[in-house]
Amino acid sequence: MERKIERAIVSVSDKTGLIPFITELTKLGVEIISTGGTAKELMNAGIPVKQISEFTGFPEMLDGRVKTLHPKVHGGILALRDNPEHQKQVAQQNIQYIDMVVVNLYPFEKTIVNPAVTLEQAIEQIDIGGPAMLRSAAKNFRNVAALCNPARYQEILAELHTRQGTLSIETKLALAKEVFAHTSRYDAVIAEYLSRHTLVSESDFPELLELTFTKKQSLRYGENPHQSAAFYQSLTPISPSLATATQLQGKELSFNNISDLDAALQCVLEFDTPACVIVKHANPCGVALGNDAAEAYQRAESADPVSAFGGVVAFNCAINETCAQKMHKKFLEAIIAPELTPAAKHILSTKPDVRILTTDFTGSNSNVHHTNLVFRHVRGGILVQTADELLLDERKLTVVTKTQPTSEMFNDMKFAWKVVKHLKSNAIAIAKDNVTLGLGMGQTNRVDAVRHAIARAGDKVKGAVLASDAFFPFNDSVLEAAKAGIVAIIQPGGSKRDQDSIDACNEAGIAMVFTGIRHFRH
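For the sequence shown, the residue numbers in our numbering are 1 to 522.
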């Protein structure tokens with residue numbers, strides 16, 4: 001026979017619906033034991049409450065850190081009512097049974113959303129007594145109802161009224177499962193937060209990896225229409241990002257839309273001056289700088305207008321009316337930018353299927369506690385690495401050829417280098433005057449990537465620069481570049497046959513710079 005709920009301990013941070021719920025419990029004859037601010041709020045509402053210190057005979061201490069961690073609390077929760085030895089010990093220690101635990105936890109997750117929060121402030125929001133009581137109650141679910149979700153209050157009251165003050169074993173088991181899911185997430189959030197307080201190095205990767213994400217939205221479909229998909233965001237998403245973006249118009253986002261928008265956004269974040277990046281199938285196909293969004297878009301689109309058809313576009317500056325007019329003429333899947341002028345919004349609203357998103361660019365690219373990790377699922381596991389955020393140190397660039405690059409060549413090489421790191425390896429970027437002319441990516445050998453980039457650049461290749469994401473194992477790529485009219489090359493260097501490439505550059509009068517940095521992207 002189910003035991004009637006006669007005594008409840010109540011300690012909540014989220015007080016939503018609390019007063020009506022506890023008022024009804026008292027009408028059912030339930031004695032209320034409470035702590036701190038919760039007890040004060042209940043008493044102010046005229047609800048009879050026994051303070052936890054009165055119940056335990058021990059004062060709250062250490063600024064409230066210790067108040068429910070007491071045998072009279074956990075003995076009253078954990079005791080098995082049908083176990084004679086438990087009954088005997090409970091009687092000997094003058095412990096009273098607790099039949100319901102109404103607890104939700106300190107708002108740790110809400111606290112750490114604030115980028116200015118200190119480690120000390122966050123630690124004070126780590127609940128100890130709350131999770132302990134919930135877990136005790138959930139473990140003993142046959143005898144105790146563990147209630148951590150205010151949204152459950154009304155249905156619990158309805159069942160208590162229907163069942164003369166008792167709850168079914170099925171309900172208590174459901175509440176227990178909810179508790180363990182809740183406390184598991186709570187602990188995972190804390191562990192993730194604390195792990196982000198130090199820069200990640202090889203030794204910092206944990207033996208047990210726990211990831212906590214919340215569902216942001218369901219997606220139209222996955223990579224293909226027969227696949228379902230959803231988008232999950234980290235608990236403290238950085239901005240700018242797709243996780244913090246607001247969709248202003250357009251069809252529901254698909255898996256591929258978000259993947260492409262993220263690729264475009266990450267590339268455009270490389271630049272401090274007005275820039276536009278057009279992405280198709282996760283690879284940039286046109287990247288350019290300009291005086292404003294309109295000029296940057298026109299230059300990026302003209303770099304490869306065929307590939308730009310049906311692409312996604314990212315800006316690091318406001319979309320103005322002129323830019324919107326230019327984009328209106330092209331079929332585009334999605335656009336993301338810091339903002340749009342009212343006139344630009346009006347123009348693009350006449351193409352209602354185009355997905356338009358904005359995300360805040362005013363803050364830092366990462367919050368104070370953020371360590372940017374990259375995850376990739378493989379069959380049976382997951383790969384984790386730090387993001388490729390290593391910046392080019394111009395002081396460490398080495399000119400290895402007799403021909404010295406001009407300042408214009410240096411500027412173009414730096415631009416091309418920022419682009420090539422966002423292309424799938426093997427990757428080549430050909431650029432001039434801060435606009436890409438030809439991009440070769442995803443090839444199984446480097447010389448083919450060079451040939452593809454040259455072919456896309458066409459006649460515009462003469463006088464341009466070339467960036468390679470990794471070193472040249474042979475001089476064949478340099479020979480192809482020389483035939484096309486490339487005037488400067490930037491690459492990591494480090495091949496056993498670097499001298500062959502240097503010699504080929506010297507013979508052709510090409511300037512070559514080594515970065516010492518590789519940018520594979522698989």
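Rather than coming from a laboratory, the hints here were simulated on the basis of the structure.
None of the values given here were measured: they were computed from a predicted structure.
Hints should not be assumed to be uniformly reliable.
[Unchecked claim] Computed list of lysine-lysine pairs in DSS-like fashion (alpha-carbon distance at most 30 Å, straight line): (1) 215 <-> 345; (2) 462 <-> 326; (3) 402 <-> 414; (4) 27 <-> 280; (5) 40 <-> 88; (6) 72 <-> 216; (7) 496 <-> 402; (8) 414 <-> 460; (9) 396 <-> 345; (10) 88 <-> 110; (11) 280 <-> 396; (12) 330 <-> 496; (13) 215 <-> 402; (14) 27 <-> 110; (15) 402 <-> 483; (16) 110 <-> 280.
Query raised in the report: Which hints, by number, does the structure contradict?
Result: Numbers 4, 5, 6, 9, 10, 11, 12, 13, 14 and 16, in rising order.
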